[in-house]
Structures are given as structure tokens and as C-alpha cells.
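J.: Model the placement of chain B on the given structure of chain A, informed by the hints.
Chains as they are written, first to last, in the numbering used here: chain A, 245 to 401; chain B, 245 to 401.
These aren't lab readings, by the way, just hints derived from the structure by calculation. Some hints here could point you the wrong way.
Identical copies go unnamed one by one, so any copy, or any two together, can satisfy a pair.
Claimed, not checked - Derived SDA-like pairs (lysine to any residue); straight-line CA-CA distance at most 20 Å:
1. Lys328 to Cys291
2. Lys270 to Ala283
3. Lys328 to Ser269
4. Lys393 to Ile330
5. Lys393 to Glu380
6. Lys270 to Phe294
7. Lys393 to Cys273
8. Lys270 to Cys333
9. Lys372 to Thr335
10. Lys328 to Glu340
11. Lys393 to Arg359
12. Lys393 to Thr378
13. Lys387 to Leu285
14. Lys372 to Phe401
15. Lys270 to Asp345
16. Lys270 to Asn394
17. Lys328 to Leu285
18. Lys372 to Cys291
19. Lys270 to Ser289
20. Lys328 to Ala277
21. Lys328 to Asp288
22. Lys387 to Arg360
23. Lys372 to Arg331
24. Lys328 to Ala386
Number of protein chains: 2
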Amino acid sequence: MASEAGAGVDADAYRIRPLELGDLSKGFCDLLAQLSPSAPLTEDSFCSRFAELAALGADHLVLVAEDAGTGRIAAAGAVLVERKFIRRCGTVGHVEDVVVDAAARGRGLGERVVRRLVEHARARGCYKVILNCTPELRGFYAKCGFVEKNVQMGLYF
Amino acid sequence: MASEAGAGVDADAYRIRPLELGDLSKGFCDLLAQLSPSAPLTEDSFCSRFAELAALGADHLVLVAEDAGTGRIAAAGAVLVERKFIRRCGTVGHVEDVVVDAAARGRGLGERVVRRLVEHARARGCYKVILNCTPELRGFYAKCGFVEKNVQMGLYF
Chain A
245 MASEAGAGVD ADAYRIRPLE LGDLSKGFCD LLAQLSPSAP LTEDSFCSRF AELAALGADH
305 LVLVAEDAGT GRIAAAGAVL VERKFIRRCG TVGHVEDVVV DAAARGRGLG ERVVRRLVEH
365 ARARGCYKVI LNCTPELRGF YAKCGFVEKN VQMGLYF
Chain B
245 MASEAGAGVD ADAYRIRPLE LGDLSKGFCD LLAQLSPSAP LTEDSFCSRF AELAALGADH
305 LVLVAEDAGT GRIAAAGAVL VERKFIRRCG TVGHVEDVVV DAAARGRGLG ERVVRRLVEH
365 ARARGCYKVI LNCTPELRGF YAKCGFVEKN VQMGLYF
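Only chain A is shown next, with the shape it has when bound in the complex:
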């Protein structure tokens, strides 16, 4: 099997594809807990949210990387397309909730997911893709083609 150029990972070891309902039983929520710990989702909650996002069509894409060997979800990420009035009714992609399973890090999998999310935004006609990250992740996103720009502010309820 061919190696993915520069990524140091067997390109066929993982299949990157849109989230499916069956991914609940493939460890999708356990993976997300590595990003933000919280109580497990019920199947009902997962299915409801899945349906809400599906109704947004290509304006909200969740990608997962399935380990071809184990069938488990090893990475995930999302992109939300925002429709604006500025920039002649331009659209912007917001990359959110990128996570790679602790046991699968260091193989270029996160970069592959991010690049696929960026490609989706580009294909939807976005003029830019933005994301927020901790300062430690600047290097990772720079490798994915991003440049630092502005500051993020947050208000927590």
C-alpha cells in the first residue's frame, strides 16, 4: 500500500468519510470526549442532532476517519458554512471540533481531516476558512495552511 506523501501514514489504513448514524457504536462519542469530557450521549440525542445537521445539507459537514483494521473512529472534525451579507453575500467555513484519538496521533491523520474540511469549504465557494485554537496548536494548523489572524473572545454562560 502506498504511503501518503509527507504524512508518514499508510493512506489506506484510514477511510475519511462523512459521519454516519452507525458511528455511535464505533466510538465517535468516546473520541469526542477526548476533546471535551462530558457524560455520554444517549442514542436518541445523537440521532436527533444527526438529523438536525443532515437538514443543513452541505452547510454542515462532520467528517470521521475510520480505522480500516478495527472499524473504530480514530479522528473527526466539522466545518460549518456561514452565509454572510458582506463580501457580496460571501460564505465562510468555520472548522470546529477537530480531534484525533490519543493512540492514533503523530501519523498525519489530523492534517488529512482538516485538509478535507478545507476542501469542502472551498468547493462550497467560501472565501476563507477560520478556526480558533489554543496557542500550542498554532504549529499544527500552520502545517495545514492556516495563518494566525486576530484573537478569539468568549463569553461563558
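T.: Only chain B this time, still in chain A's reference frame:
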């Protein structure tokens, strides 16, 4: 007429309300050009985008401040509600495209618009509201209740 506490602006001089189709002729697009200069929108483009956003219901709110005296739009801002799987299917408000007409600045109008956008996100059940801004605007958003958090990265097509 009563003054809005702390804002130094006559609370009745501006009416803050959701964007309406008629706002195209009240200077909405001229105002947005102060945020990001671009060629004027056609009425068709404006109406199409308006309809697309209306279809998102309360998940995408554009607020404007109409000058009660002149009938012109003096400020605007938007909030987009993102539906996540993390945080037990939590939702996050993204504040975007806040702008105050150059002639109406320094009267607390921007803060009033931002606070109304934040209230909308809170009422929709968001666990936080986030936004990106240039470093010079940190003080303004701190006054609106935001704290600095992380960095914004961007990829421009």
C-alpha cells in the same frame, strides 16, 4: 426620554430589531461596506440571502439599530447558532459582522447590539458565545462581557 444606564446614549433614539427586507433602502449595505468594502449588493442578491437566513429561523439572527430620527440603519450585528455533538449536543453562538456607522460611534450603540445578540444566544440555550476580533477591539468586547481566549487562524482562498 430616559438615558440607557451607563451607555451615554438616548435609549429611544435607536430601535434595535431583526433585519427586514426594507433595510436595503435604509442603508444596511452602505453600513456593511464600513466593515468590509465591496461592490454594492443587487436587490436580488440581498433578497436571496435574506430568504436563506430566514429559513434558518432563530439559528441565524441579524440585528440592526434603526435611527428613529432619520430611519437609517446605524449599527448591525449577527449571531449564528452552531449545533455540536460535544457538551451533550451543546450549542454555541458565533457573533459576526458587528458594525456601527462612523457617525454614530461612541454612544454605546455597538455594546447594545452585542448584548442583544448574546441574549439571543443565551435564550437559545448556548453554553457560550464566541467571536473573533482584531487586538484593538479587545477592550470593547471586554466591556460587553467577553474574555480573551485562544487565537484565531485563517486560510484564505
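J.: Can you tell me if Lys393 and Thr378 fall within 20 Å by alpha carbon in one copy, between copies, both or neither?
T.: both (13 Å within a copy, 8 Å between copies)
J.: Within a copy, between copies, both or neither: which one fits Lys270 and Ala283 at a CA-CA cutoff of 20 Å?
T.: within (17 Å within a copy, 48 Å between copies)
J.: Checking an output row: Lys393 and Cys273, CA cutoff 20 Å. Within, between, both or neither?
T.: Close neither inside one copy (31 Å) nor across copies (25 Å); limit 20 Å.
J.: When no copy is named, should Lys328 and Ala386 be tagged within, between, both, or neither for a Cα gap of at most 20 Å?
T.: neither (26 Å within a copy, 25 Å between copies)
J.: From the Cα coordinates, with 20 Å as the cut-off, is the pair Lys393 and Arg359 best called within, between, both, or neither?
T.: Answer is within: at 19 Å inside a copy they meet the 20 Å cutoff, but 24 Å across does not.
J.: Within, between, both or neither: how does the pair Lys372, Thr335 come out at a Cα-Cα threshold of 20 Å?
T.: within (8 Å within a copy, 23 Å between copies)
J.: Measure nothing new, just compare the shortest in-copy and cross-copy C-alpha distances for Lys387 and Leu285 to 20 Å and report within, between, both or neither.
T.: neither (33 Å within a copy, 36 Å between copies)
J.: Please sort Lys393 with Glu380 into within, between, both or neither, judging by C-alpha distance up to 20 Å.
T.: both (15 Å within a copy, 13 Å between copies)
J.: At most 20 Å between alpha carbons: which applies to Lys270 and Asn394, within, between, both or neither?
T.: Neither: 37 Å inside a chain and 31 Å across chains, both beyond 20 Å.
J.: My question is about Lys270 and Asp345: at a cut-off of 20 Å on alpha-carbon distance, are they close within one copy, between copies, both, or neither?
T.: within (13 Å within a copy, 51 Å between copies)
J.: Since the copies are identical, ignore which copy is meant and state whether Lys328 and Glu340 lie within 20 Å (CA to CA) inside a copy, between copies, both or neither.
T.: both (18 Å within a copy, 9 Å between copies)
J.: Up to 20 Å between alpha-carbons, please classify Lys328 paired with Asp288: within, between, both or neither.
T.: Result: close only across copies, 15 Å inter versus 33 Å intra.
When held up to the earlier numbered hints, the structure conflicts with 7, 13, 16, 18 and 24 and fits the remainder.
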